[in-house]
Structure formats: structure tokens, C-alpha cells
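Undergrad: Sequence:
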Amino acid sequence: MEKNSQHDIRSVLEFKGYHIDEFLFKRNKNFKEKENIDVKIKLAVRVTQDESDATVAMVCEIFDDDFSNDDFPFYLKVAIAGDFRCTVPNSKDFFELNGTAILFPYLRAFVTNFTAQAGFPPLILPPINVYKFLERES
Numbered sequence: 001m002e003k004n005s006q007h008d009i010r011s012v013l014e015f016k017g018y019h020i021d022e023f024l025f026k027r028n029k030n031f032k033e034k035e036n037i038d039v040k041i042k043l044a045v046r047v048t049q050d051e052s053d054a055t056v057a058m059v060c061e062i063f064d065d066d067f068s069n070d071d072f073p074f075y076l077k078v079a080i081a082g083d084f085r086c087t088v089p090n091s092k093d094f095f096e097l098n099g100t101a102i103l104f105p106y107l108r109a110f111v112t113n114f115t116a117q118a119g120f121p122p123l124i125l126p127p128i129n130v131y132k133f134l135e136r137e138s
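In the UniProt record's numbering, the protein residues as written are 1 to 138.
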């Protein structure tokens, strides 16, 4: 069996890194502990592209910021963005699909770590089928 060089298996998409652009957390002080809570998640994706470079931005909101019914323990909003470069010309859809698939695990880890450190049981966002998610959003 012939060994492939690193260049043979390397993706045309290069992940340059990510950053948190916005973070908001509000604790609901009137929340009474419940056994089962229906987690409400809103997720939006936006891509800005300039030739071979792109930024994929995701905004995730967990629960509602309206505590009128005291149904949720907190409200969390995080905006995360990742920078990408492609070695061959590609479409906005290419960056949106692949960038979201790469960036989402970082978002999941951030939410899990923060909720655990904020004194709540760690909230682990479920993995998503990025293709189906983006198909539904368009």
C-alpha cells in the first residue's frame, strides 16, 4: 500500500481561526428547578466572502430573553466567527457549508464550558446535520 503525502489529503479549505464577537448571558433568578426543560435554540449563519477568503459568522441564542413565565434558567447569546481561505476559487455555498461544519463544534464547546462554569449542569448542544440545517434556512 502506497503512503499518501500530507499534500494529497489536505483540504483546499484552510481554517485560519475563530473568535467570539459577542457574548450575552442573563440568569433568571426566579427560575424554579425543573426535571425536564425544553431547550430552545436559535441559530443563524452568515458568510462574507472576498475571492479566496471568507468569514463565516454564527449567532446562537439559547432560551428566550423574556423571563415572564420563568420557564428557563437563563438566556445566552453568542456570536462566533471563523476565518477561512480556499486555495481554489469557490462559492459562498461552499464556505457556508464547510465553514459551518468546522465552526459549530467550537460553538458547542463554548456553550458547554460556560454553562458548567456558571453553576448550571453543562448544556451540551446536539450535533447537527449542517447540510439539512442550511437547506432549511434557505
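It is possible that some hints are incorrect.
Keeping only pairs whose Cα atoms sit at most 27 Å apart, straight-line, the calculated DSSO-like set for lysine-lysine is [as the list claims (entries may be wrong)]:
hint: 1; residue 1: LYS16; residue 2: LYS92
hint: 2; residue 1: LYS77; residue 2: LYS34
hint: 3; residue 1: LYS132; residue 2: LYS34
hint: 4; residue 1: LYS42; residue 2: LYS29
hint: 5; residue 1: LYS40; residue 2: LYS132
hint: 6; residue 1: LYS16; residue 2: LYS132
hint: 7; residue 1: LYS42; residue 2: LYS32
hint: 8; residue 1: LYS26; residue 2: LYS16
hint: 9; residue 1: LYS92; residue 2: LYS132
hint: 10; residue 1: LYS92; residue 2: LYS32
hint: 11; residue 1: LYS40; residue 2: LYS16
hint: 12; residue 1: LYS26; residue 2: LYS77
hint: 13; residue 1: LYS92; residue 2: LYS42
hint: 14; residue 1: LYS42; residue 2: LYS132
I should point out that these hints are in silico values taken from the structure, not numbers from a laboratory.
Because the structure is a prediction, the values reported are computed rather than measured.
Undergrad: Against each hint, give a clear statement of whether it holds in the structure.
TA: Checked hints:
Distance check on the hinted pair: LYS16 and LYS92 sit about 17 Å apart at the alpha-carbon level, within 27 Å; holds. Our distance criterion of 27 Å between C-alpha atoms is met by LYS77 and LYS34, whose separation comes to about 22 Å. For the hint linking LYS132 to LYS34, the alpha-carbon distance of about 31 Å lies beyond 27 Å, and the restraint is violated. Restraint check for LYS42 and LYS29: satisfied, since their Cα atoms lie roughly 22 Å apart, inside the 27 Å limit.
Among the hinted pairs, LYS40 with LYS132 is consistent with the structure: their alpha-carbon atoms are about 18 Å apart, no more than 27 Å. A C-alpha spacing of about 25 Å is found between LYS16 and LYS132, which places the hinted pair at or below 27 Å, so the restraint holds. Under the criterion of a C-alpha separation no larger than 27 Å, the hint pairing LYS42 with LYS32 is consistent with the structure, at around 23 Å. With a CA separation close to 31 Å, the supplied pair LYS26 and LYS16 exceeds the 27 Å bound.
For the given pair, LYS92 sits about 17 Å from LYS132 by alpha-carbon distance, which is consistent with the 27 Å threshold. Our distance criterion of 27 Å between C-alpha atoms is broken by LYS92 and LYS32, whose separation comes to about 44 Å. In summary, the hint linking LYS40 to LYS16 is not supported, as the alpha carbons are separated by about 31 Å, beyond the 27 Å threshold. At roughly 9 Å between alpha-carbon atoms, LYS26 and LYS77 fall within 27 Å of each other, so this suggested pair holds.
Pair hint LYS92 plus LYS42 holds up; C-alpha atoms about 22 Å apart against a cutoff of 27 Å. Distance check on the hinted pair: LYS42 and LYS132 sit about 15 Å apart at the alpha-carbon level, within 27 Å; holds.
Going through the hint list in order, the structure does not satisfy hints 3, 8, 10, 11.
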